[in-house]
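Going down the list, the sequences are from chains B and P.
Residue numbers for the first sequence follow my numbering, beginning at 221 and rising by one.
Residue numbers for the second sequence follow my numbering, beginning at 117 and rising by one.
I should point out that these hints are in silico values taken from the structure, not numbers from a laboratory.
Be aware that a few hints might be false.
For lysine to aspartate or glutamate, the following EDC-like pairs were computed, each having C-alpha atoms within a straight-line distance of at most 16 Å [said to hold, decoys possible]:
#, chain 1, residue 1, chain 2, residue 2
1, B, 769, B, 797
2, P, 295, B, 798
3, P, 295, B, 411
4, B, 776, B, 798
5, B, 394, B, 411
6, B, 877, B, 895
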Amino acid sequence: MSAEEMGKVTKRLRWAFAVSSVVFLIVLAISPVRDYLSAWRRYERDYVRFAESRPDTKRLLADYHPEIDQIWIPQMQVVDRCTTCHQGITRPSLADASVPQPFRAHPPIPHRVRDWGCVVCHRGQGLATSVRDAHETTLAWEQPILPVRYIQASCGVCHRAELPQTPRLDRGRKLLTTLNCVGCHHLQGVERPSMLGPDLTNIGTKVSRAWIYKWLKDPRTLTASDGSVLTNGYVNEDEPRMPKFRLDEKELRAISGYLSTLSNDPLQPYKFDPRTVAAWEKRPDLIDQGETRFRQMFCTTCHSLSVTRGGETKLIGGDIGPELTKVGSKVSPEWLAAWLRNPQAYLPHAEMPRYQWSDQDLYVVTQYIESKLTDPSLLSDLPKFPAPAPDEVQLGRRLFAEKGCSSCHAIKGLAPQTDFGPDLASLGSKTLSQLEFGNSKITRTPVAYIEAKITDPHSVNVAARMPQYSLAPGDLDALTTVLLSMTGKSATPGMEGLILAAGHPQFRAGGAFGELYERYKCYVCHRFNGYGGTLAPDLTNEGSRAQKKWIAEFLKNPQTLRPTLTFRMPQFNMTDEEVSVLADYLSMAMQTPAVNLAGVDSQQLTPQMAGLGKQLYEVKYQCQSCHTIGSAGGYVGPNLTNVGNWINPAWAEEWLKNPQSLMTDAIEPHRDFTDEERTALTAYLMTLKQTRPAQGGGGAGRGR
Amino acid sequence: MKIRRSNPEILRDAQTFCATGVLPVLEHGRDGHGTASVAASPRRATHGTATPGCTLIIALALVLAAGSATSCRENRAAAMPDPLARAYDSESDWSDSSKVIPLNYQQAQGKRVFYQYCVWCHADSTPAGPSNRSNLNPNPPLANDGATLNPLSDDFMRNVITMGGAATGKSAAMPPWGKTLSQDDIDAVMAFYRAIAQPPYQPPARPGPKYSVR
Numbered sequence: 221m222s223a224e225e226m227g228k229v230t231k232r233l234r235w236a237f238a239v240s241s242v243v244f245l246i247v248l249a250i251s252p253v254r255d256y257l258s259a260w261r262r263y264e265r266d267y268v269r270f271a272e273s274r275p276d277t278k279r280l281l282a283d284y285h286p287e288i289d290q291i292w293i294p295q296m297q298v299v300d301r302c303t304t305c306h307q308g309i310t311r312p313s314l315a316d317a318s319v320p321q322p323f324r325a326h327p328p329i330p331h332r333v334r335d336w337g338c339v340v341c342h343r344g345q346g347l348a349t350s351v352r353d354a355h356e357t358t359l360a361w362e363q364p365i366l367p368v369r370y371i372q373a374s375c376g377v378c379h380r381a382e383l384p385q386t387p388r389l390d391r392g393r394k395l396l397t398t399l400n401c402v403g404c405h406h407l408q409g410v411e412r413p414s415m416l417g418p419d420l421t422n423i424g425t426k427v428s429r430a431w432i433y434k435w436l437k438d439p440r441t442l443t444a445s446d447g448s449v450l451t452n453g454y455v456n457e458d459e460p461r462m463p464k465f466r467l468d469e470k471e472l473r474a475i476s477g478y479l480s481t482l483s484n485d486p487l488q489p490y491k492f493d494p495r496t497v498a499a500w501e502k503r504p505d506l507i508d509q510g511e512t513r514f515r516q517m518f519c520t521t522c523h524s525l526s527v528t529r530g531g532e533t534k535l536i537g538g539d540i541g542p543e544l545t546k547v548g549s550k551v552s553p554e555w556l557a558a559w560l561r562n563p564q565a566y567l568p569h570a571e572m573p574r575y576q577w578s579d580q581d582l583y584v585v586t587q588y589i590e591s592k593l594t595d596p597s598l599l600s601d602l603p604k605f606p607a608p609a610p611d612e613v614q615l616g617r618r619l620f621a622e623k624g625c626s627s628c629h630a631i632k633g634l635a636p637q638t639d640f641g642p643d644l645a646s647l648g649s650k651t652l653s654q655l656e657f658g659n660s661k662i663t664r665t666p667v668a669y670i671e672a673k674i675t676d677p678h679s680v681n682v683a684a685r686m687p688q689y690s691l692a693p694g695d696l697d698a699l700t701t702v703l704l705s706m707t708g709k710s711a712t713p714g715m716e717g718l719i720l721a722a723g724h725p726q727f728r729a730g731g732a733f734g735e736l737y738e739r740y741k742c743y744v745c746h747r748f749n750g751y752g753g754t755l756a757p758d759l760t761n762e763g764s765r766a767q768k769k770w771i772a773e774f775l776k777n778p779q780t781l782r783p784t785l786t787f788r789m790p791q792f793n794m795t796d797e798e799v800s801v802l803a804d805y806l807s808m809a810m811q812t813p814a815v816n817l818a819g820v821d822s823q824q825l826t827p828q829m830a831g832l833g834k835q836l837y838e839v840k841y842q843c844q845s846c847h848t849i850g851s852a853g854g855y856v857g858p859n860l861t862n863v864g865n866w867i868n869p870a871w872a873e874e875w876l877k878n879p880q881s882l883m884t885d886a887i888e889p890h891r892d893f894t895d896e897e898r899t900a901l902t903a904y905l906m907t908l909k910q911t912r913p914a915q916g917g918g919g920a921g922r923g924r
Numbered sequence: 117m118k119i120r121r122s123n124p125e126i127l128r129d130a131q132t133f134c135a136t137g138v139l140p141v142l143e144h145g146r147d148g149h150g151t152a153s154v155a156a157s158p159r160r161a162t163h164g165t166a167t168p169g170c171t172l173i174i175a176l177a178l179v180l181a182a183g184s185a186t187s188c189r190e191n192r193a194a195a196m197p198d199p200l201a202r203a204y205d206s207e208s209d210w211s212d213s214s215k216v217i218p219l220n221y222q223q224a225q226g227k228r229v230f231y232q233y234c235v236w237c238h239a240d241s242t243p244a245g246p247s248n249r250s251n252l253n254p255n256p257p258l259a260n261d262g263a264t265l266n267p268l269s270d271d272f273m274r275n276v277i278t279m280g281g282a283a284t285g286k287s288a289a290m291p292p293w294g295k296t297l298s299q300d301d302i303d304a305v306m307a308f309y310r311a312i313a314q315p316p317y318q319p320p321a322r323p324g325p326k327y328s329v330r
């Protein structure tokens, strides 16, 4: 090879070398350029410019560093880089809505953003450094970001106990029990109660086959023209708990046929004395009298009736028992009388109290229900059903298990089912690939899946066994929220409480009181030591609060409450002996150590003190704004007309010191009375006595 | 002062996202990742970035990728923002029942406190039925009475709630709530009042230049 040729090669090589050097330099430059152009760097530069446009630039840039900002919470396995772009998240001066995102401050919440990061609540990809990666909802990320309206789901992941700050989650958790989701599904932190739907062992003695058929077809008897149910003005509050199952004609006939044959140990019908019945039947005012008794006994405290006023139909009454508007067309008369006399004989779990009925009351109320609470057209559109054929009964019995009926309803001799539906304990953390969408037209996100499933189960899977619930839009959101909160994570240490406990009585009273407590089902409305209903006042400290004589009189005649209340204690027609047992027990056993009954001697409350108290009551503190004495005053607090006969003076003093220490949810404000003022007010209150206590009193009921 | 934005698409996406919770569908590839200054993390390991030692082809591909990431993106109409879909809670407008007012976390807490303590006198219907408002003289203002409450400063309202009417020259029928409610509760209630006010409450203007996005 000549030198000339060598030179040519060298020249080519030089060119190649020059070009590859340039390429090499470009390649070297790509990385820093890409870094410079990356989204988060742009946001950081923008934040600096933005901060410079604000009056408090120095404070806004005090701890600014031009690099990835990371919140690391090793215990929760959270690495969170959101604050790289969301620079202003913790700066109160950037809370204004005019501040452009992503720099706006987070609205105030109980947790510090710096301590908890963002993805603990919002989910999404905390590690990502681009807008899409961090927030994307349509890809199968491990944790798709949570739409803000379901954000309360994240509160529920750690906070198992009741959480007043999260109304949507709370509503959802209540719906889980009222809709009996736990009948078919295993749910995180929700215990299965002993009874979900009514026991159907003897259903054949209670209702006709036609009624069962109609009920199975659409389990609602009251519907407005648009299909919604109104209760106390709120749509769907009293939705029947039984959902609508998809059953074809054959299945409907088979199940209704099977159920109508169930009468294993029928209720003994109550025999009225035929002579008395004959005498009563001649009286035309019988049904009116029945209605009066029905109202006087305050059946509507637990049961609602549909009332039409001004063209608007509403359900008025309580939701502890079933709605009764058309019950006369539902149950047989013999069953009704026997049930009213002793509900537990038909249904051992029944929450209905066993009233003391006189023959006459029982007869007139039964007559009223059978003749007035009816709808002649209820079953008129149905064909006449013959007695069910044996193969129909056989098929019905099989379908009862196959359709999941036995998940909620017990029938003696039939094995109950649990976990009929899929386990939902970790539904909230399922990724897209773990959910079965099939050919449905649903957006492929876990949230859309849950929404579709509870709105219309068949939109997800045409063969779904899940029944159709008709929920208001707000309730759909609430239910989606609570399902998203079930991520299958074990409870945070220190917060292991159950979301909904099945409710085991912590208060077991024995003896004569215990018998009456069970008979009159006091705990369905009242709370005792943390167990019981919330409709009526908590009686845990009743002995410290009320005078024994007052308790006894109230039990005898409980109609002494404020006329504005819809819910009042039913009249149980107790005997004097029962009254004295209950009053003795309540006043002796239900006391709180916070009130020393011997500490205040009512003899030492002088008229001078009472005079000063009256001044304070009427002028300085204007208690009459909320309390009524006689006929003047406000409706917020209880009526004080008869307070001298009702409340123990020691309780009054303690209450005036700090109402919330005696009753956590008391509305009365905690005020700064001096000791002298407190004694004076107590002295004044103790002078307020009514000679005829039937008019005043009060203090029970909602909204105290 | 105005800001020139190197990539307005990203901001638009972010705004769309913040308003609706939905990102526009990805069509042309995704943004580049931050690289050099990122601390080591489990996920970063799987997202290895180009180093200068790559071949010419990879380098060219990267140049193209970097280019596509910063340039071509179609303009897409932003989805209609629905403030209710993002709201923590909501309250129907008292003066127009067809409207619903979205509430943020603080306002929602205020709603809870309001419906326990304040509703009895500052509303015309209450959870228990009748309102106590008509029993009182002077009549307490409705919670949504913007004409009366909007001109009051936050400090004055906080004082009335905390110390009561008698201490602030108003009716003694308004009790002091300072020992019953926490400071947070009181601030939350005020935020709720401001949120439902009709006519709507306008916070006092802040001084200083406005930041705007083109």
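Going down the list of hints, with the structure as the test:
For the given pair, residue 769 (chain B) sits about 14 Å from residue 797 (chain B) by alpha-carbon distance, which is consistent with the 16 Å threshold. Taking the CA atoms of residue 295 (chain P) and residue 798 (chain B), the gap is near 42 Å; set against the 16 Å cutoff, the hint is violated. At most 16 Å may separate the alpha-carbon atoms for a hinted pair to count; residue 295 (chain P) and residue 411 (chain B) exceed this at roughly 38 Å. Distance hint between residue 776 (chain B) and residue 798 (chain B) is fulfilled; the C-alpha atoms sit about 10 Å from each other, no more than 16 Å.
Annotation: proposed proximity of residue 394 (chain B) to residue 411 (chain B) holds, straight-line Cα distance about 13 Å (limit 16 Å). Among the hinted pairs, residue 877 (chain B) with residue 895 (chain B) is consistent with the structure: their alpha-carbon atoms are about 9 Å apart, no more than 16 Å.
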